[in-house]
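Which chain is which? The protein sequence lines are A and B, in order. To convert, note that position 62 of the first sequence is 61 in numbering that gives the first Met the number 0; the numbers rise steadily by one, no gaps. To convert, note that position 67 of the second sequence is 66 in numbering that gives the first Met the number 0; the numbers rise steadily by one, no gaps.
Treat the hints with care, since some could be wrong.
Derived DSSO-like pairs: lysine-lysine, alpha-carbon spacing no greater than 27 Å straight-line [said to hold, decoys possible]:
1) A:K307 / B:K34
2) A:K168 / B:K52
3) A:K34 / B:K52
4) A:K34 / B:K34
5) A:K157 / A:K83
6) A:K279 / A:K307
With the C-beta cut set under 7 Å, the calculated list includes, among others, these residues of chain B facing chain A [stated by the list, open to error]:
7) E35
8) R40
9) E45
10) L48
11) V53
12) K55
13) N56
Since the hints were derived computationally from the structure, they do not count as laboratory data. All residues carry an ideal CB built from backbone N, CA and C; glycine is no exception.
Below, each chain spelled out in residue letters.
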Amino acid sequence: MKRICLTVVGMYFMLLHAFSQVTRDSSVFRPRKLKLDEVDLVSSYYTQNGDHSAVRGGIGSEKVTDLANGLELKWVGWDAHQRKNTLTAGLGIDHHTAASQAYISKTGASRRTDGLRLYPSLDWTRENERKGTSFSLGAYYSNEFNYQSIGFSAGGTKKTKSNGELGLKLSGYFDRVKLIFPSEFEPAYTSAGGGGREDRHPDYGSSPRETYTASFSYTQVINTRLQAAFLFDLVEQHGYLGLPFHRVYFNDGSDLVEKLPSNRFKLPLGVRLNYFLGDKVILRSYYRYYVDNWGIRSHTASLEVPVKLTPFFSVTPFYRYYVQSAANYFAAYEQHLTTDTYYSSNYALSAFSSHFFGAGIRMAPPKGLFNSHLSTLELRFGHYTQTTDLVSNVVSLHLQFK
Amino acid sequence: MRVNLKQQIMKRKILLCGVLALSAAGMMTACTPVKEYQKNRLNDAEMTLSSRKVEKNESNFQSYREGASGANGGKTGGGCGCN
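Whenever a hint applies, use it, and build me the whole structure from the sequences.
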């Protein structure tokens, strides 16, 4: 953990010196090779507590901490056809601890209660400003002890004559879930020494999970103060959609591994409305309706109100409300019947509502902060409560260098 | 009795969708022409019509702790969120 923090701090200082002065003659167009234009660092610390761990079938501690650090480098250039090319390379490193991981072993003796996740990404966008079009490609990878994911995307946008923009993005994620079962369901395996079985097992099998998404968007300027976005995703998932170490306890006291259907279709519809009120206040609103074929229906509504204390310093209180119905396959600890075809005691699939509120600050002076390349600093804190008794806090820092 | 209740719920949903569609259509027709030089407020960094970078990890944990995800311009797959 300390090593990760020091690495990130080291990267911050290196980036302070990574930019060079760029001079362009704006009177004559000249192609420009890709040059480093922007660097973003996002760090978050997340803590969570609750009493409905899916590993123990809906009971037990859900205590989690997660330190996430993401670095994103953006290069921009123009080709001979005056098209803007943007290449973005990202690298994320998360370190988490989870109390429930100890209970993959029935006795709570699993030694592995933390883990690392690495997720590099690469995006390329070509924008033709004269035609008002853009085309983009992306590739993503994510690796953690029990889960690997590789993803690709392709998308495009087209501006309309009436200050609107249509967008379409197609993406596919091809994941593998490592089959780490609770200790009582592991095949017999003899080994010297104690500890959790997942530390001793020589070779786990894995199962695939695929996610295909078509994301549609339409943004529209309505007047000089108001703009809107309509967002619509079609998401299809196939494969192993549960997790192999989630237990379910039935009403006769027996337990099994969570079992969920091997396909899921999700349909989220969202709308954003942003309004500049007066000269100092912005209203950022969002609403989403979600439905899927597992029986979940949900509504999400949020409002953020950035207040500009000066043109370059703002304070943003925010509030988000979320409510969902339960999936058809959810029941609490010892509530499932042994005759059920599908079963899960993961409370993310239960009926609940949640509140998320907090505040953030943003500083973006035109000449940078502290006379450096640090152009923007954002700090944000949020407190989250669910009616399942899950409580969490998250603090995030975003630094942008230009 | 249950069928009637379902029908009522369905009617309400259709009505809600109709109201939303009409509102959207009304909003679109109410658009006024905005020139580039009039977009100083719309181009403000905090008027962006997507989630901001500082919200990235908030969106991640919400998609792992809740049943719904998507329609926010972010990623729709990849990563376990197992814990």
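Here is how each hint holds up against the structure:
Taking the CA atoms of A:K307 and B:K34, the gap is about 24 Å. The hint holds against a cut of 27 Å. Proposed proximity of A:K168 and B:K52 is supported: the alpha carbons are some 19 Å apart, at most 27 Å. Among the hinted pairs, A:K34 with B:K52 is consistent with the structure: their alpha-carbon atoms are about 22 Å apart, no more than 27 Å. Between A:K34 and B:K34 the CA atoms are separated by roughly 31 Å; this puts the pair beyond 27 Å, and the hint is violated.
In summary, the hint linking A:K157 to A:K83 is supported, as the alpha carbons are separated by about 15 Å, within the 27 Å threshold. A hinted pair counts as satisfied when its Cα atoms are at most 27 Å apart, and A:K279 with A:K307 qualifies at roughly 5 Å. Of the supplied interface hints, the one on B:E35 is violated, with its beta-carbon coming no nearer than about 10 Å to a beta-carbon of chain A, more than 7 Å. Restraint check, B:R40 versus chain A: the minimum CB separation of about 4 Å is within 7 Å; hint holds.
With a least beta-carbon distance of about 4 Å to chain A, the hint placing B:E45 at the interface is held under the 7 Å criterion. For B:L48, the suggested interface contact is upheld, since its CB lies about 4 Å from the closest CB of chain A, less than 7 Å. Using the Cβ-Cβ criterion of 7 Å, the hint placing B:V53 at the interface with chain A is satisfied: the shortest such distance is roughly 4 Å. Given the 7 Å rule on beta carbons, the hint for B:K55 holds: about 6 Å separates it from the nearest Cβ of chain A.
At a threshold of 7 Å, the smallest CB-CB gap from B:N56 to chain A is about 4 Å, leaving the interface hint in force.
The structure fails hints 4 and 7 (numbered hints given earlier, in ascending order).
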